[in-house]
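My request is simple: use the sequences and hints to build the entire structure.
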Amino acid sequence: MSRDEHRLRRRLDGARKARNAESLAAQIEADIEAAELRVTRRRDAVPKISFPEELPVSQRKDEIAAAIRDHQVVIVAGETGSGKTTQLPKICLELGRGIRGQIGHTQPRRLAARTVADRIASELNTELGEAVGYKVRFTDHSGQDTLVKLMTDGILLAEIQTDRMLRQYDTLIIDEAHERSLNIDFILGYVKQLLPRRPDLKVIITSATIDPERFSKHFDDAPIVEVSGRTYRVEVRYRPIIDPDDPDADQDRDQTQAICDAVDELQHEGPGDILVFLSGEREIRDAADALSKQDLRNTEILPLYARLSSSDQHRVFQRHTGRRVVLATNVAETSLTVPGIKYVVDPGTARISRYSHRTKVQRLPIEPVSQASANQRKGRCGRTSDGICIRLYSEDDFDARPEFTDPEILRTNLASVILQMTSLGLGDIAAFPFVEPPDRRQVTDGVQLLQELGAFEMSDGKKLTETGRKLAQLPVDPRMARMVLEASRNGCVREVMIIAAALSIQDPRERPAEKQQAADEQHARFTDKTSDFLAYLNLWEYVTEQQKALSTNQFRRMCRNEYLNYLRIREWQDIFSQLRQLAKPLGITLNTDGPADPQRVHTSLIAGLLSHVGLKDPAKGDYLGARGARFSVFPGSALFKKQPRFVMSAELVETSRLWGRVNARIEPEWVEPLAGHVVKRNYSEPHWERKQGAVMALEKVTLYGVPLVADRRVNYGRIDPEVSRELFIRHALVEGDWETRHHFFRENRALLEEVEDLENRARRRDILVDDETLFEFYDQRVPADVVSARHFDSWWKKARHTEPDLLSFEKTMLINETAGGVREADYPDFWTQGSQTFKLTYQFEPGADADGVTVHVPLPVLNQVTPDGFDWQVPGLREELVTQLIKSLPKAIRRNFVPAPDHAKLVLSRVGPADGPLLHVVADELEALRGVVIPDDAWQLSAVPDHLKMTFRVVDVRGKKVSEGKDIDALKRDLSGQVRATISKAADSIEREGLTTPAFGELPKVFASKQRGHDVKAYPALVDEGGSVAVRLLDTPGQQEQSMWAGTRRMLRLNIPSPMKFITRNLGNSSKLVLNRNPHGSVAALLEDCVDCAVDKLVADNGGPRWDEAGFAVLLEKVRAGLNAGVLDVLTNVEKILRAANDVETRLADTRGPKDSLADIRAQLDGLVHKGFVTETGQDRLKHVVRYLRGIERRLEKLPTEPTRDIQRTGDIAWLRNEYQAALDALPPGTSSPALREIRWMIEELRVSFFAQTLGTAHPVSLKRVIKALDDAATSRN
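Residue numbers (the working numbering): 1 to 1278.
One thing to keep in mind: the hints can contain errors.
[Unchecked claim] Straight-line Cα separation of at most 27 Å, DSSO-like style, residue types lysine-lysine; simulated pairs:
(1) Lys-797 with Lys-811
(2) Lys-620 with Lys-700
(3) Lys-61 with Lys-217
Simulated from the structure, these hints should not be mistaken for lab results.
Pasting the structure below:
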């Protein structure tokens, strides 16, 4: 035999070189004799051969035999029924083939291999398995003496791995080559390469009459022998669904209606079954429903498709009476021959599996079939008699269609082929002699899938990995094989093999169209809510248990009753057994320690399904899959109703849309470890993290565009060491954003802070060298592999011992050479006011609230701080401040002081803070320099930059900010309560409340204590609280003075009997009537005001308030003795005031005059007589108020005749009142000014001088005198 010949030649060649050549030669000679005996035995075993005369191929036997004898490759083309499949092996036997090797005869399907083998054996009168045998997956009915071996093309492919030269065969018959499956095209390509090395090998390729020339051309113009089939005439009728040439055609007619019309037409053509081709199960159901509603007598409607249950498929082939309408997919085109068909209805479409380059998934779109497929369909009705084929499309449509269907190699993923070719060392697929080379994109996609599975190196897509070598040894889909390999690592081989085997076959769960609900109820037991894969395991365990408990017939019956396909279950079990056997040599064994964890199972499955992972898109309701594909969970999945965030699908198939079939919920963290070689990792926002002491970044991990991880913080040092080192130096070393105890670092930061502080004080950014200078310093010294704090610490731990000053700054290197003229003394750290010293800080941040100099004022001493001196700023900013003040002047004044900086410098060379308030001093100096008077209101302080105005920051005892602002007086007002509360904590023994008798001991006029180095002062006083008196600490002497008078008055009133009865007895009726017309609201309130006024007069006459109990007792007796008389004296003046005020009111109501004048009179009257005016005015001034009121009367008398003069005087008064109010507003909080109080009454005297000169004044007065008094008051205040 050919195999023996090759083996023996090699042994002979080796024996010639061996030392024991003679003994080896003897052994070889014996083996040669044994081989010759085998050849003789095989020749003798050839049975008697005959050829049925009725077969067309028998009539061309001699021509075919001659072609085979004379050529290495022969193409035999003939329709089904010509006999080529059964007679060609017999012709080869008759030619002497099959003796020195077997006649290998391939079939596309297992069923065909078995039935053809059986038929040939029957014709040769030999037992199946002897001269004629067959081999299909899981079954081998052939032996060493078998002459003709039928097998599937997949079996021949598998044998190539162990018999590269195919020496067990001397002849190969590749049957049904026109189907152009992937296996057939690969075999044809392999054989073409093999033929030059096996000149003894004969190859016969059989095909339907579909493009046999292509095969001939592929094999160097091999001869073609055409054999006609036994066919009858077929009439073709074209019935387009919508006929464009028929104006009366129904435009709403659809395919289902067209099928019904065609069936109705064929019913009138005589008996015979009708075969209707449809593209899918749904279309079959729609057509069946429509046909069942028609009046089709004695007609049975049967579906036929691959997923149909076995029993329903068998019904199509059973004998029957009446007419049948078979609704079939293209499975009936070539794979199955339906008997009794006389009529065919061809809509011209089919679902054709196509691989999408874009989505990398296998699609099943509905497409128009090729002309060759249409003719195959037509041929189904011309087998036994003349037939009719109705095509539901036009003849022009038919003529425009492609002649042939694309071979499978042009429309499928080539991963399995590429893997096997690489494993066999067949070279680049692009150079492989396929009948039709695949698209380069398909090859690329196949390589990419193998890279995804880890079979190929990522860097070299043609180099097998160890995983790839193992995958090539498992004859299943590479995805399934990868799952099994991963399962061996995860200890779940059994579970994954069960699932992989299930995915390799049609679903064993049947779902008949008329019993869907019953089937669903039976199958629901196996459902797992989170995983369709686990449902296979549940089903497996159930089936295994039942199979053990039941007999074979009982088990078959159970399968039928529970809608399980018995044959598919057996196939499932056979595949599992084969997988187990094939995996053993690879060291893969089943786990026996109980069921595996579901997570491990799914993790193993993910290894083969990386590109079938999807992320839920809540907005669109579907899943984002690999490379932008969008798919939905198939409605039959257990996950359809409650869809998880991440899902894995066993397959993605496109029909009406892209569906994920057989799904499971997964977690992204299961995927990432398996997908490390194909995921894309994008890093964003690399940044230094102080706490981590490293450069971190946000990592986004995507698997073919599907986000697995978003914004995960990762150490960037291992990803980009160069960038990480730079960021470490810039942030940790240069910017100091680092928690470390290194001595050099601490000293360097201290030096930097010194220079930075000088910059803030001088408000310059050119003193400290820039960050690049500091970066270069470190960059030149720190090694390239230091990318984090940990790396630095490791390096510096050794380096510091040899070069301790390597990384230490010197102050001179930190200061720019151009930064001259800056003196630290001009920017002091502290400000002194009186006995208090306040910390100063500097901030150079334009726009910030505290930009410039900040004075830190402890809360307890806030009441002691005055604005004095702060207006002069620190020396370093003083010149800029005066310059800006000059620039703020109105243009008419400002132009006299140009250039402003020069004038500022000159002014400051002559004056300083000791000369008085800044504005007054500068105004005086500028006037002295240029003779230009600058009014106080000329300064536009709002135009002065904020950084030149000191910020006052009030801090608590811990140094924490309480409040801050530019106005110290406003802060004192706002925080007065907090100041008092703070001081009170330190003076609990002094403050008291609820006093009604003068038991307050002796009050100090000043309370002083030390708090955190500051002299805290407060001012005790009696405080009027209505029904009692309290002792409180107040902020200022002014507050103390006011409060002490009021508190003394209240204590005296509480301890002296009320004089009200005495007053009532001594008032006449006319007096009572006058007093009743008062602004207080009641006579009682007026009288209380009068008593308070009398008490104040008596206190003043007796030396003022007393600070001890003894002194207060003396004062109490003095006031008690003189109170009644004092009150009567007050009432006398008050009665006169109220009479005069009433007269003014009456005249004012009747007077017409300038509005400003009348408004001024009303304001004066309200200022003199109002609620509380008696005590406020004081007893000594009450008699003058009567004169002021009489002055108003005189003014009203003159107003009608002298309005112009009145208006002029009114203007003067208004100006004085505004100046007076401004002076009051300028007083610090809690202070009072006797001088200002006197000016208030000077203005009243001036009114008398202006409008009622004849009444006389209490003292000389004029406008000039009042102005001078205002100036004097301002000067004394400053």
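Hints, one by one, checked against the model:
1. Lys-797 with Lys-811: Between Lys-797 and Lys-811 the Cα gap is close to 25 Å, so the pair holds against 27 Å.
2. Lys-620 with Lys-700: Cα-Cα ~22 Å, so holds.
3. Lys-61 with Lys-217: holds (23 Å)
The structure fails none of the hints (numbered hints given earlier).
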